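Let the hints inform the model, and build the full structure from the sequences given.
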Amino acid sequence: TMKLFLTYNYIRRVTSFPVLEHLWLLEIGTQLVHPVTIGKGAFRNLPNLRILDLGDNKILQLDLDAFVGLPNLTILRLFNNSLGDSILEECYFQDLRSLEELDLSANEIAKLHPHPLFYNLTALKSVNLKYNKISNFCQTNLTSFQGKHFLFFNLGSNHLYKTEDVAWAKCPNPFKNITF
Numbered sequence: 001t002m003k004l005f006l007t008y009n010y011i012r013r014v015t016s017f018p019v020l021e022h023l024w025l026l027e028i029g030t031q032l033v034h035p036v037t038i039g040k041g042a043f044r045n046l047p048n049l050r051i052l053d054l055g056d057n058k059i060l061q062l063d064l065d066a067f068v069g070l071p072n073l074t075i076l077r078l079f080n081n082s083l084g085d086s087i088l089e090e091c092y093f094q095d096l097r098s099l100e101e102l103d104l105s106a107n108e109i110a111k112l113h114p115h116p117l118f119y120n121l122t123a124l125k126s127v128n129l130k131y132n133k134i135s136n137f138c139q140t141n142l143t144s145f146q147g148k149h150f151l152f153f154n155l156g157s158n159h160l161y162k163t164e165d166v167a168w169a170k171c172p173n174p175f176k177n178i179t180f
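In the numbering used here, the protein residues as written are 1 to 180.
Any given hint might turn out to be false.
[Unchecked claim] Derived DMTMM-like pairs: lysine to aspartate or glutamate, alpha-carbon spacing no greater than 20 angstroms straight-line:
id: 1; residue 1: K3; residue 2: E101
id: 2; residue 1: K162; residue 2: D85
id: 3; residue 1: K162; residue 2: E101
id: 4; residue 1: K133; residue 2: E100
id: 5; residue 1: K111; residue 2: D85
id: 6; residue 1: K125; residue 2: E89
Calculated directly from the structure, the hints in this document are not laboratory data. Note that the structure is predicted; figures quoted are calculated from it, not measured.
Written out as structure tokens, the structure reads:
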């Protein structure tokens, strides 16, 4: 069992790692330079990685295939990285079948439209969307989460319904077929 902590450094680009079969925790968050760029398959040589922390890099640029080759990843921390809406709308998490916990807090996400690939993330139990800019959402926004049972789903400190009234007849229960 190995842990590798690379926080508080000047890492600008991550393209690959040597084969580290026993590495299960990797922290590359809080770099002192930005943007931090994660390339295609950057972690593919870490097959047993369970926890990946890329949080608090201020500006994180991800290749769409940055997370391929991580079959055992259970926790992904991407908080405070200015990722915006695309982190949910694109297929960044396509290969993360074991993912249980996803932290996307403080990423300037304004729209809650998760990509259909979230259907395939059957192990997902925890989603943190705190400190974003989500203003509203309806049932159609969370169809990718239907059928899931969440132990933790945080939408605190967003802008929910701040600027507009919701006509609930037109905007049915967003949590339909989702259990907590």
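Checklist line | Non-conforming hints, listed in increasing numerical order | finding: 3 and 4
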